[in-house]
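Asks: Keeping the supplied structure of chain H fixed, place chains A, L and X upon it in accordance with the hints.
Number of protein chains: 4
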Amino acid sequence: MSIPENQTPEAVTEESPPEHGYTADKDAYLRRLRRIEGQVRGIARMVEEDKYCIDILTQVAAVTKALHAVSLGLVEEHIGHCVVGAASEPDPALRAEAIDIKVKEAADAIGRLLR
Amino acid sequence: MSIPENQTPEAVTEESPPEHGYTADKDAYLRRLRRIEGQVRGIARMVEEDKYCIDILTQVAAVTKALHAVSLGLVEEHIGHCVVGAASEPDPALRAEAIDIKVKEAADAIGRLLR
Amino acid sequence: MSIPENQTPEAVTEESPPEHGYTADKDAYLRRLRRIEGQVRGIARMVEEDKYCIDILTQVAAVTKALHAVSLGLVEEHIGHCVVGAASEPDPALRAEAIDIKVKEAADAIGRLLR
Amino acid sequence: MSIPENQTPEAVTEESPPEHGYTADKDAYLRRLRRIEGQVRGIARMVEEDKYCIDILTQVAAVTKALHAVSLGLVEEHIGHCVVGAASEPDPALRAEAIDIKVKEAADAIGRLLR
Chain H
5 MSIPENQTPE
15 AVTEESPPEH
25 GYTADKDAYL
35 RRLRRIEGQV
45 RGIARMVEED
55 KYCIDILTQV
65 AAVTKALHAV
75 SLGLVEEHIG
85 HCVVGAASEP
95 DPALRAEAID
105 IKVKEAADAI
115 GRLLR
Chain A
5 MSIPENQTPE
15 AVTEESPPEH
25 GYTADKDAYL
35 RRLRRIEGQV
45 RGIARMVEED
55 KYCIDILTQV
65 AAVTKALHAV
75 SLGLVEEHIG
85 HCVVGAASEP
95 DPALRAEAID
105 IKVKEAADAI
115 GRLLR
Chain L
5 MSIPENQTPE
15 AVTEESPPEH
25 GYTADKDAYL
35 RRLRRIEGQV
45 RGIARMVEED
55 KYCIDILTQV
65 AAVTKALHAV
75 SLGLVEEHIG
85 HCVVGAASEP
95 DPALRAEAID
105 IKVKEAADAI
115 GRLLR
Chain X
5 MSIPENQTPE
15 AVTEESPPEH
25 GYTADKDAYL
35 RRLRRIEGQV
45 RGIARMVEED
55 KYCIDILTQV
65 AAVTKALHAV
75 SLGLVEEHIG
85 HCVVGAASEP
95 DPALRAEAID
105 IKVKEAADAI
115 GRLLR
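Protein chains in written order, with our numbering: chain H, 5 to 119; chain A, 5 to 119; chain L, 5 to 119; chain X, 5 to 119.
In isolation and in its complexed conformation, chain H is listed as follows (with noise of 0.2 angstroms):
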């Protein structure tokens, strides 16, 4: 649940995006991002070099490891924030479908991780 109780919905406007869990790290998210980005490009560049195979692997094997990484972030900030703020939830009706949609959805996504 990305927008406190107090918070009228006109108050989500240009100026005052969806707040998410991974929000205050945005910019750190930004810079993996971009660091995952260069090191694909740089595989690119391995296959037209005609590099040895073998070090193309351990070069996907980094990438797929930083992105591995990068998942778990935005995982434990999901699970922080947006089944936490589900269980925040005061009219306990509607907690208790919001917490399984927030945690199914956290399921989900590990599973889809794993697989």
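It is worth saying that the hints were derived from the structure and are not from the lab. Wrong hints could be hidden among the right ones.
As the list makes no split between identical chains, a pair holds if one copy fits it or if it spans any two.
To be verified - In silico PhoX-like pairs for lysine-lysine, Cα to Cα no more than 25 angstroms straight-line: (1) Lys69 - Lys30; (2) Lys55 - Lys69; (3) Lys30 - Lys55.
Replies: Structure of chains A, L and X alone, referenced to chain H:
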């Protein structure tokens, strides 16, 4: 072993770069890597635009899967080209050692992918 | 947090063991784990009987997948039970700390599964 | 290809079972699989005794890791034994086909491990 036995070392000039298992599919690999690079850039854009964390995670899982497919292709070609090349070495003494090196390299690379 | 707030500590006796996220599905988990145990025994039998390595690998991959499914179930229940339980802690000071601990535990556990 | 070409089919009797890449390490594999079987039994016991879900997850991750190590050993031996065996086939026509089959089998098996 990427150089056929009947090829003299001089034949490997700038015009004929070292040949690897993936050389025949080089363009296909480059296309896949460019697409992965674009996907990573798309994820950065999603973070930039404050998209929902679960949607970002879905994209990260897709990129991880695409990288796994690239890895698997490179491993398959390493086995079919480098390991088989080593096994075709005519000198039995050199052959055993060459096979050991190439098989070990393949296993180490697969191990890095599994971790 | 496995103990509902309205339950006094004394209520947790040998007759009512600690309750976890997976308690409701305990029998289902036990059945799945027994099946996995049997699959591992089957793999040992395949090695004993000198079955083809690729067929053994197929079985090992099946067991790994079954274990991933068990993990995913446990993670989902940890999030839905322990994290949500922490978020329901009435004292705000204790709540923030309890949430941090449970979310960190979940993320660490997911990280171990991804590695 | 586990049966040397100069070996007649009759030579494969109960006394000389088919030989695979892992045959030399058969006892070591059996010991590792027995240990894994015991670890799975231990996890079932933890569920039975209502242990904390995160501690159970840690054990499941350890078993998954142990299975990955077994897989990696089998893959390495498949490559070093079956692929190299196919590459040693003296008839070039049969050799190319045998290599293709064994390399494809290895790649498929690795693909199943990565998923």
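Asks: Indicate, hint by hint, whether the structure satisfies it.
Replies: Cross-check of the supplied hints:
1. Both within a single protomer and between protomers do Lys69 and Lys30 lie at most 25 angstroms apart by alpha-carbon distance, with minima of 20 angstroms and 24 angstroms respectively.
2. In this assembly of identical chains, the alpha carbons of Lys55 and Lys69 lie at most 25 angstroms apart whether taken from the same copy (21 angstroms) or from different copies (23 angstroms).
3. In this assembly of identical chains, the alpha carbons of Lys30 and Lys55 lie at most 25 angstroms apart only when taken from different copies (11 angstroms versus 35 angstroms within one copy).
The structure meets every hint from the earlier list without exception.
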